[in-house]
Every structure is written in structure tokens, then in C-alpha cells.
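Asker: In order, the protein sequence lines correspond to chains Y and A. By the working numbering, the letter at position 169 of the first sequence is numbered 169, and the numbering carries on one by one without gaps. Start counting at 1 in the second sequence, then tack on 1000, and there's your number in the working numbering.
Careful, some of the hints might be misleading.
Said to hold, decoys possible - Each computed SDA-like pair below joins lysine to any residue, with the alpha-carbon atoms no more than 20 Å apart:
(1) Lys-1098/A / Met-1/Y
(2) Lys-1098/A / Lys-39/Y
(3) Lys-39/Y / Arg-10/Y
To be verified - Restraint-style ranges between C-beta atoms, simulated for each label pair:
(4) Gly-1127/A / Arg-260/Y: 46 to 52 Å
(5) Gln-1109/A / Met-1/Y: 42 to 48 Å
(6) Asp-1023/A / Pro-237/Y: 56 to 62 Å
(7) Arg-1104/A / Lys-209/Y: 56 to 62 Å
(8) Thr-102/Y / Asp-1203/A: 41 to 47 Å
Said to hold, decoys possible - According to the in silico footprint, chain A covers these stretches of chain Y (three or more CB under 8 Å from chain A):
(9) 3-14
(10) 100-106
(11) 253-264
No lab work stands behind these hints: they were computed from the structure. Backbone N, C-alpha and C fix where the C-beta goes; we use that ideal spot for every residue, glycine too.
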Amino acid sequence: MIRVFKRTFRDLRRRTIGFGIFGFLYGLMVCSLYPAAQKNAETIQELMDGYGEGFKKLFGGDDFSTLPGYINGEFFSLVFPILITVCIVPAMAGIVAGEVRTRAIDISLSIPVNRKQFLLGRILAVVAMMGVVCLSTTLSLELGSILFDERLPLSHILLTAFVLFSFGLVLIGISAIATSTLSSRGPVNAVGAGFLVVSYLLWVVVNLKPEASGLKCLTIFTAFSPRDALKSGELVPIELLTLLGCFVLSATASIICFTRRKTL
Amino acid sequence: MVAIDISQVSRTFGTIRAVDQLDLRVSDGQIFGFLGPNGAGKTTTIRMLLGLLQPDSGSCRVLGRDCWSDSHAVKAQIGFLPGDIHLPPRWTGDDFLKYHGSFRKQDPQRLKALIQRFDLDTSRRLGDLSKGNQQKVAIIAAFMHEAPLLILDEPTSGLDPLMRQNFMELIEHERQAGRTLFLSSHNLQEVERVADQVGIIRDGNLVAVETVTELRRLCERTLSIAFSEEPDLEPLTRLENVFLRDQTEHRAIFGVKGPPTGVMAALAGMSIQDFSFPPADLESIFMHYYDTRAETS
């Protein structure tokens, strides 16, 4: 499994570097825009106050006056989920489903490892890639906060990285189920992206329609609150456990599906 | 010992029955030629041996182990060359061979010798290599770890004649080393040259498993005779194993099944100008089985 992991991680290095750099630069850019936003904080807040509470919460626009609130609104509420989806889902689609389609799986699985070790090694390589992207993204926030005189504690940054990482794990788990059961990249990409879009739409509905609050248990965005980690260094255990639990369950399900799959 | 033991195996894909109640045994140390046209069930059989497909019924065993439930251990005993080769385009040949070699014990000298034999530049990216050179990489990966059983699906497709010759020499070398080879191919001349036994598969069924010599004996050979005067063919057509296929004034073509003793006796008193009775080659044997089945169906 270790050899499969190392080889897969090596194959993902371009993607890791590319998305790592993108996340880093985007984080720096958000920090660099914060002083200008701070100067106009009152105007922005007035503008945001014109929208409903649900809308502000949805786009993280309820706290533009602090750097953590600004980063949450400009980065974590929408751009980061999209970034991590674009990074993870195609990688997951390629590790099994893409190879089944081209029959490259015949050679990949001719090595003497069982399917469980094979899939686990490959999933862990994507997890490692995502960890690097989350870390580089959040470290850019640390650097940006130093450069623009609003220093964020490193412990808060690392906890935020952990929250972002946990969010990405759920996407990996869902994509793992898709890649272990489907036979080409396209449907896996559709499942991964569809999961994010549906989750986000549910989150929108939950925030805009108080009567639909029962739906909040159906979206992972309910358990995704990086602003609290960034602002106060606090983690909400139940949220993290929910995200990690989703990952463990979905990754286990994907391994069971793959080992029992009759046709590759 | 039995290297490959396929017993009553069936496999369907939707409504298509790719393999139907297949029974096949390949002994240890044997070179087995597995013949059949596209869609006959060859690759499905091979993929079941590798644990990539689970049989709907029956069992596939390699060196005593079940190919589905114990595929990990089975694959450790197999050198595999797929028919449809898709190598990771960004890896170099060295990367690929090193990665595949890392899972099994191997002799670096053997790897070096194989690379030299096939005259391969392993420093180039696999995506930049021609189909033939990619085939060489896959052949080396299959042979490098001295597996007791080699499963080769269309091994020479894409190789030039020189490399094909090299490959046949390698097969001969492996035979002498006592390894078992399961060789699926369209190239009947090559199979004929190396195989101890041949299996012919059609529509997922094995229609014949014999040695090449035995297949030759069983199948119809063509006897072509030019007579110096108009012949009386009656003594020939009376023979049970002789069939008149074509006739002109001084020429006749017969199909002969089995030993030609009776034919020789019948021809003894005739005035023969020319005579041809070539041995049945594997291609005609193959066509024989397909024609027979086509007539039956």
C-alpha cells in the first residue's frame, strides 16, 4: 500500500503544486485587499445590512470588519469549496474510474496487492495532496496577515487548515464511492461536483428559508465553520466529528464496493 | 501439477454470454496457445484469471489458488501482458519497471538483459514511445520477475519482425526454464511454432484442446492431384475419409481426414503427373473448427 501511495502521490505532484500555488496566491490576494475593505468597512457593512440575515450568513457577509470575517466571506464561503472540488474530484476520478475506462487498470492491478490496499493507497495519496493544498492556502493567510499588519495566531491558522482539510475529506469520500463503482471519469466528476452544488443549494435554502431549517442536516456546509477556528481558535467538535465520520464511512463504503466489484 | 484450472466457468455481460461453461486445464511447464477471433472470450478468460472479473459460476484456479478470493497471492505468481496496453504516459520506462519490480523479487541482471534484448531506451517517457516500444516495456515488465506462470495476451502485436524473433527466442528460453506460458494470440504461425497444446475458443466455448500434431491429424488436409489422363476417381471417393472437393478434366482436389494410407493405396495404379499433399497448418485447422461450427449453427 505504501508503494501505491507514494507512486500515486508522485503522479499527483503537478496538481498538488499547481493548486497549492493557486491557493497560496489567492489567500495572499484576499489578505492584500483587506486594508482597503477595512477602510470602507462601514459602507460595506451598511450594504450588507440591506440584505437579510440569512443572505449575510450564507455569503459570510455578517462580519467584514475583521480579517477572519473578511477571509471567511471572500474565500471560505464559496471560493475554497470550489477550489478544493476542482482539485480533488478529477484526481479521484482518475485513480480508478478513468483507468477502468481505458483498461489501464489491467496493468495497474497486475501487481500483487489486493484491491483494498490498492484503493486505500490511492485515496490516501489524494488526501495527502489535499492536505498540502489546505496547508499552503492557510499559510498564505498567516503570511498575508503579517504583511498587512493584522497578524493571525499560527495556532488559529493551523486549526483552520484542519477544518478546511476535514471539509475536503468528505468530498474525497464521496468521490471515492463514485470512482470505485463507476467506469469513466465523467460520471465521477458529475457526482463530486453535483454533491457540492446540491449541498450548497441546500445550505442556501436553509439560510434563506427558516422553515426549511430541518434540511441543514443534509448539507456538509452546516458542519463547515472555518471562521470560528480562524477568529477564536475554537473548533466545534460535533462539526469536525461529523465531517470526519462522513469521510470514514464513505471511504469504507468505497473500499467495500471496490473489493466486491465483479467487473473492472 | 496443474498451473491453470478453469472449471465450468461462465461469465455474462448484460445479455451477452462471453464465456459459457468453460473447462480448461494447463499443466505446469506447458506452453498453451489460446486461439479465437475477437469477441470469442479470450480476454474475458484472462481477466478472470487475474481477478479483474468474478465468474458468474464455476471456478478459476492458478497454481492451486482461487483467482477471485486469493487474487493477491495469484498475481504474485503471474507475469502478465495485457492485449490492450495503456501505460502511464508521464512515467519513464525506468519508473514503470522500477515500480512494477518493487512488488516482487527480481534479478537486476535479468532486467538488464531483457532491456538489452529488446534494445529499449528506458529513460524516455512512455507517452513518447511508439506502440511497439510500449509493447516492449510491457513485455519486459511481464518477464522480469521470473514468474512461474506467464499470461500473454497478443504479445507480439506492434513488434517489428526482428523483435518478434527476439520474443520467440525468449519464449523458447522460458520453456527451457520450465515456466508455464498461456499465450493468447491471433498470430497462428507463432502459436504453432511454440505451443505444446492449443485451445480453440468460440462464443465462450472451448471447441478443441489438442496438441498441434493431434489437431493436424484430426483436421482435413487438401490433396491436389494432376493426372496425365482422365482418371477414374471411384476408388478414391469410396474411401470414408476422402471427400471430392473439386474436379476438372485432369485435375482433382480432395479433402482427406485422418491417416492417408487408403488414399495412397488407391492412387497406386493411377497415372499421376503432379501431386501435392501439404500438412494442415494451424490456420486451416482454426478455420476448420470455425467452418464446422458455422455449418452446424
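Asker: All the hints need checking, so say for each whether the structure fits it.
Answerer: Now the hints, each set against the structure:
no., hint, result
1, Lys-1098/A / Met-1/Y, "16 Å, holds"
2, Lys-1098/A / Lys-39/Y, "58 Å, violated"
3, Lys-39/Y / Arg-10/Y, "45 Å, violated"
4, Gly-1127/A / Arg-260/Y: 46 to 52 Å, "33 Å, violated"
5, Gln-1109/A / Met-1/Y: 42 to 48 Å, "29 Å, violated"
6, Asp-1023/A / Pro-237/Y: 56 to 62 Å, "60 Å, holds"
7, Arg-1104/A / Lys-209/Y: 56 to 62 Å, "60 Å, holds"
8, Thr-102/Y / Asp-1203/A: 41 to 47 Å, "27 Å, violated"
9, 3-14, "holds (count 3)"
10, 100-106, "holds (count 5)"
11, 253-264, "holds (count 3)"
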